[in-house]
Amino acid sequence: MTEILTLARKEITDLRRNRFMVVLFAFLAVAVVLSVIVASADFRLKIADYQHYVDALKAAGSSATAPEPSLFPLQMLRGGIEYLEIIGSLFAVVLGYSMITKEKGRGTLALLFSRPLGRYAFIGGKILAVVLLWVSTVAALFLVITASLLVIGNAPLHGGDYVHLFFAAAHTAVYLIMWSLLAMSLASLIRRTGTGLVLALVLWLVVVLIIPQIGDTMDPDNQIPGGLFASLQVDKSHEQAVMAHFTGYETTRDLIEQTSVTKQYERATFAYLGIKNEYNQQPLSFIWAGTFNNTLWLLAALAASVSTAMLSGTKKIILRKVS
Amino acid sequence: MTATAISTTALTKRYGPHQALRELNLTVPTGEIFGLLGHNGAGKTTIVNLLTTLMEPSSGTAEINGHDITTAATAVRRSIGYLPENVQFYDNLTLAENLIFFARLSGVRSVGSRISEVLDFLDFSGHENQRMGTFSKGMRQRAGIAQAILHEPSVLFLDEPTSGLDPQGVAKLRETIISLNTKLGMTIFMNTHLLAEVTKTCTSIGILSSGTLIYQDSVDATLKSFPDQESLEDIYLHIEAGQRA
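Chains A and B supply the protein sequences, listed in that same order. In terms of this note's numbering, the first sequence opens at residue 1 and continues consecutively. In terms of this note's numbering, the second sequence opens at residue 1 and continues consecutively.
Derived from the structure by calculation, the hints contain no laboratory data. Do not rely on the hints blindly, as some may be mistaken.
[As the list claims (entries may be wrong)] Straight-line alpha carbon distances no greater than 30 Å define the calculated DSSO-like cross-link-like pairs of lysine-lysine that follow:
| # | chain 1 | residue 1 | chain 2 | residue 2 |
| --- | --- | --- | --- | --- |
| 1 | B | Lys224 | B | Lys172 |
| 2 | A | Lys102 | B | Lys183 |
| 3 | A | Lys316 | A | Lys102 |
| 4 | A | Lys276 | A | Lys46 |
| 5 | A | Lys104 | B | Lys224 |
| 6 | B | Lys137 | B | Lys183 |
[Unchecked claim] Sample of chain A residues at the chain B side, in silico, Cβ under 8 Å:
| # | residue |
| --- | --- |
| 7 | Thr6 |
| 8 | Thr13 |
| 9 | Asp42 |
| 10 | Gly107 |
All figures in this text were calculated on a predicted structure; none of them were measured in a lab. Don't be surprised by glycine CBs; every beta carbon is placed ideally from N, CA and C.
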């Protein structure tokens, strides 16, 4: 265990001093936080507008009551989550991949593997470093996001909202760790650095962009601007009645989306943050009942990536794959 | 400690159809500075990779201080130090951070005092807080030796240790190698191309040709056995030519 901690500590110190990685993480943080700040400022404006309206009514001596606008602060995280989902996973791939290829490229593997390390110590140290890095990064990001909601958005967050934020953060950390470990496995298994990176990026492209895009395109709501049924002025109950005749189509669309771990992450996170309307303002038990399969798929993907990284990160395999 | 530091029995390594090492039988007694000579591709680095447990043999066995490289690899790693050719470090870390890292991985207990001791021995103190990315080739090589001897190994493997060094660097390294052997009692196994250096540094030599050990003896005995040859370089070329014929 000591050697795993030593390796993880070295990895984190090395990454902290790596300018390229610092720039990547700073870019991700700025993108996510900015999107939440902009949404928070908008949220504050809407509340202020409402307050002005109410004040104006009162000043005019009107006894009319203005209905409160339906504003849900956690929904402001949509942009940030999408950044983490797409850019975050891309950076996770770059991070995981470089953690192995740098060792291969600079020739430090001989110094490591000629020492009395346990079979899984090397990769164990890398995995621990990735976990610590993403957990701390996501925790810091969500703390800043929460502060932005409270301070900039002046958003009234309640106890339950913090729990929902925690679940969204936990899903995000799992998702990003999974991508880093997957890239790490590819870097261990493939001799040529370029080939491995291209494969990792193709996998990222298919899982993060192409499959979700196919699912989105098949969604009637996305086929024309504003949504097919909305443009035909068909209400929700009639829409459901129509779609009942297309269950095969919907099942196919759902299955396509479910093959993407990104979509599993998105569905669960959007549910916990109330971005998906059917889960908005619902208790945790209701959200869990509706999304536990997404969480389980995400955890299964994490377990698979940990196992693959462990098995492919042994001395025997890594040294065999050094060009 | 056994009287034999390194011994191999019919040690063979194949890469697919290519046989890099053919049934090598080699014995290096404890306390020697053994120089392994051979042309490019002769299999010198393969031997070092096998003996440092970085590779597994296709057949045959080898022992370091009585520990089998396949069945007791961890014990072997505890008793060896290794300086690869063109040694590289973590450039974003300082010398001290690199050495602390490798010392901990090698199970060194009093890390701080041991690093000071090693750096003093190598006359390399004062660079601890300098990032490795700023080091010259010669400094890297000394740092490489420092990482290799942190855990007080009894056998030290050096793969082309003088590669890329200027004449001053070569002389300094030679002094270091000799003092590691004479003052600390380390057995040293080195691969090298510089035959002049072998005469000045090594106590015994082996010549490898196309994966086969074609000669092994002490440097003194070798020089006496070939009175017609002027230098070790001539002897080496003579033996190599005889092998080809």
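Do the hints match the structure? See the list:
Simply put, Lys224(B) and Lys172(B) have alpha-carbon atoms about 28 Å apart, close enough for the 30 Å limit, and the pair holds. Note on Lys102(A) and Lys183(B): the hinted pairing is violated, with a Cα-Cα distance of about 37 Å set against a maximum of 30 Å. For the hint pairing Lys316(A) with Lys102(A), the CA-to-CA distance comes to about 18 Å; that is within 30 Å, so the pair holds. As the CA atoms of Lys276(A) and Lys46(A) are separated by approximately 21 Å, the hinted pair is consistent with the 30 Å bound.
At most 30 Å may separate the alpha-carbon atoms for a hinted pair to count; Lys104(A) and Lys224(B) exceed this at roughly 45 Å. As the CA atoms of Lys137(B) and Lys183(B) are separated by approximately 25 Å, the hinted pair is consistent with the 30 Å bound. The interface hint given for Thr6(A) is met, as the beta carbon of that residue sits about 4 Å from the closest beta carbon of chain B, less than 8 Å. Interface hint status for Thr13(A): upheld, as the beta-carbon distance to the closest one in chain B is roughly 6 Å, under 8 Å.
Taking 8 Å as the C-beta contact cut-off toward chain B, the hint placing Asp42(A) at the interface is violated, the least distance being around 41 Å. With 8 Å as the threshold, the beta carbon of Gly107(A) comes within range of chain B, its nearest partner Cβ sitting at about 4 Å, so the hint holds.
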